[in-house]
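So the sequence lines, in the order shown, correspond to chains A and B.
Using our numbering, the first residue of the first sequence is number 1, and each one after it goes up by one.
Using our numbering, the first residue of the second sequence is number 1, and each one after it goes up by one.
Worth flagging that the hints you see were computed from the coordinates, not collected in a lab.
Keep in mind the model is a prediction, meaning the values are calculated, not measured.
Glycine residues also receive a C-beta, built at the ideal position from the N, C-alpha and C atoms.
Among the hints, a few may not be true.
[Unchecked claim] Pair by pair, the computed Cβ-Cβ distance ranges are: (1) B:R84 to A:D432: 21 to 27 Å; (2) B:Q212 to A:S97: 53 to 59 Å; (3) B:M287 to A:S108: 30 to 36 Å.
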Amino acid sequence: MSQSPFNGSAVPASLSGHRISRRNLLRGAAAGAGAIALPSLLAACGGGPGGDGKTVTMGSNASDPVPKKAFAQAFAAYEKQSEEKRTVDVNTVDHNSFQENISRYLQSKPDDVFMWFAGFRMQFFAEKGLLHDISDLWGDYTGFSAALKAQSTGSDGKQYLTPYYYYPWAVFHRKSVFAKYGYEAPRTLDEYLALARRMKKDKLTPIAFGDKDGWPAMGTFDYLNMRTNGYEFHKSLMAGEEAWTDRRVKDVFDTWRGMLPYCQQGANGRTWQEAASSLQKGESGMAVFGLPHPGQQFAEDEQDDIDFFAFPEIDPAHGQDAVEAPIDGFLLAKNSKSLKNDSTMESARDLLSWLATGKAEDVYLAGDPNNVAVSEDADTAAYTPLQKKAVDLIAGSKQISQFMDRDTRPDFASTVMIQAIQSFINEPDDIDGLVNGIERQKKTLFASDAGS
Amino acid sequence: MSLLTTRRTRRRGPRRFSARDRAVLGVLLGIPLLLDLVIVWGPTLASVALSFTGWDGISDIEWVGTENYANLFTNYPQFWPAVRHNLLWLGFLGLVATPFGLLLAVLIDRGVRFGRFYQSTIYLPVVLSLAVVGFIAQLVFSRDQGALNAILGDTESPTDWLGDPDLNIWMVLLAAAWRHTGYVMILYLAGLKAVDASLKEAAAIDGASETQTFFRVVLPTLRPVNVIVGVITVIEGLRAFDIVYAVNKGRNGLELLSVLVTDNIIGEASRIGFGSAIAVVLLVVSMGFVVTYLVQEIRGEKNR
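Required output: the full structure, derived from the provided sequences and hints.
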């Protein structure tokens with residue numbers, strides 16, 4: 001919690017009395033005020049750097065049972081192998097609350113190490129000076145691709161993130177449904193739409209679609225944009241450098257509008273879980289999701305039935321080059337008090353170095369098979385066929401994007417784009433009005449940062 | 001209370017307090033005064049001040065003048081719908097839910113059969129928090145898995161009660177009114193029990209009809225309850241938040257001012273200056289009602 005800047009007593013100054021008796025009264029009032037304010041001031045002075053230097057605190061957003069357990073196993077493995085008897089003290093916060101409170105968390109009393117996302121969302125805080133530079137650690141890291149390094153790098157060219165795992169977005173479907181009707185995975189948009197038309201004839205809803213939570217439809221936008229205009233355009237559009245009124249953006253919405261008749265209607269009233277469960281029930285044929293999403297709605301013995309294909313090609317110039325694969329990892333918080341202690345800092349860096357190894361990722365993924373390891377040294381032998389396919393998908397890609405809400409300013413994603421995409425789903429015909437509205441709001445948001 | 005004290009002091013005449021009296025009074029007045037300043041006025045004035053800045057919660061506070069307000073009124077598509085929804089909320093609770101609660105109270109007060117049963121059933125939703133009401137609304141109104149569409153049995157093109165931006169505000173209002181009605185009913189029921197039966201008898205002897213008796217005699221004697229119900233209705237209308245937030249985070253047809261404030265300030269967005277400007281608008285709207293109410297009250301005191 002942030003502290004109110006108003007602990008002082010402003011009473012006497014603002015209400016100086018006219019009569020002596022009243023002034024005395026106020027003096028008493030001020031004394032009473034002081035009696036209350038004093039303890040809180042004293043309390044604020046407590047605390048300070050401490051600890052034995054062997055314990056690293058970890059701010060975790062892994063509140064769901066599966067990841068939580070998998071992380072616990074990973075940290076236990078670290079403690080076991082640590083010769084200096086270092087320990088990790090995990091402080092788990094609900095995933096969404098963690099996300100919503102991140103700026104206050106990083107400014108007040110963060111843990112030493114915390115879990116966060118790669119890309120723009122990390123660079124934003126690096127720029128504000130809330131993260132420790134770990135470029136020297138990166139010098140010793142092995143097994144990370146250039147794309148991973150780029151996503152772990154701030155706008156100043158220094159590294160701030162130790163990546164841990166990622167998961168690709170793709171078009172998911174059930175093998176059994178595809179086998180039953182003799183469908184084949186499409187490679188181009190035309191084939192995709194032809195398949196959708198066939199599904200409609202077979203009384204299936206072609207594309208399951210839910211955007212009540214506001215973010216799931218962003219995946220579809222990103223893919224349409226990267227397939228139409230390429231990764232570089234996606235990056236500069238998200239960075240606020242391109243105009244949303246550009247012909248190229250309108251093309252994206254135009255293509256999307258052509259797809260909407262094949263999507264589940266009323267997407268704004270449907271959660272992604274409901275969309276995934278319609279895929280599970282075989283009511284709809286395909287859906288754009290991230291790797292961990294559909295599996296949660298499928299029973300244990302149906303997991304093998306989940307399959308996916310890469311989002312289809314639109315412009316041959318960009319093919320299926322880019323893949324959307326959000327990376328999660330670990331960072332050091334600058335405002336952590338215990339990190340000012342050198343031995344704690346040493347312990348935290350030791351932990352990061354261990355987490356950057358393939359072995360450390362193996363331990364985690366054994367407990368949470370819904371992601372894939374970022375390190376090339378990780379052991380892929382134990383992967384499920386779906387995980388193996390995910391690795392191939394990422395390995396075959398030329399660029400990795402992070403997802404709209406990780407590739408752009410948080411305020412732009414959450415207060416402009418969520419609403420814009422939802423209103424597009426409601427009224428797909430007014431594309432000009434839509435992009436004009438986005439562009440106007442974008443200008444004020446991105447301009448506000450230029451000044452500070 | 002304050003009237004009483006002034007009267008008493010006047011009777012006693014100007015007399016000086018002893019030092020000890022002053023100390024005691026000072027402490028006793030100082031503590032609430034400080035709490036009032038720190039908890040109510042401090043944050044209020046801070047919000048007003050912040051609404052003229054472009055603060056993002058991290059960088060230095062930067063003065064931007066009225067830019068936030070200009071942006072809000074011209075360049076924030078959710079703002080006007082939110083204002084409309086807040087007013088609609090207020091109107092619906094005030095003109096539909098509250099009179100309906102009064103009607104139920106009158107019916108139960110006249111002694112319908114199973115009155116006790118109705119009374120407890122209708123009051124039951126009041127003990128639920130609005131977030132829970134929002135959750136129940138989802139169970140009932142969800143398009144694919146909701147109870148209502150299951151009963152209607154339209155599987156071809158089921159109505160999207162909570163996803164259709166023209167429809168969902170009414171469904172949510174229905175859920176909010178469901179709770180509000182019970183609240184209003186219980187307040188009026190207590191008021192009606194306290195109405196002196198001889199008043200009604202006197203009216204009947206004078207030849208007043210049932211309706212006349214109710215509107216001319218009973219309702220005016222309920223004035224204190226009317227005031228409380230009015231205040232509660234306005235508060236509920238302006239602070240509405242939990243139910244839409246539980247349904248869909250207050251987006252897509254369910255925008256409310258309180259939600260916009262939260263989205264901008266609490267979320268990862270951290271547009272604290274901009275969010276404060278929305279909060280100030282909400283404050284100004286509330287002030288309109290507060291001032292009207294106070295003027296009425298003060299006039300009432302004078303006339304008495």
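Right, here's what the structure says about each hint:
| no. | hint | in the structure |
| --- | --- | --- |
| 1 | B:R84 to A:D432: 21 to 27 Å | holds, 24 Å |
| 2 | B:Q212 to A:S97: 53 to 59 Å | holds, 57 Å |
| 3 | B:M287 to A:S108: 30 to 36 Å | holds, 33 Å |
Of the numbered hints given earlier, the model fails none.
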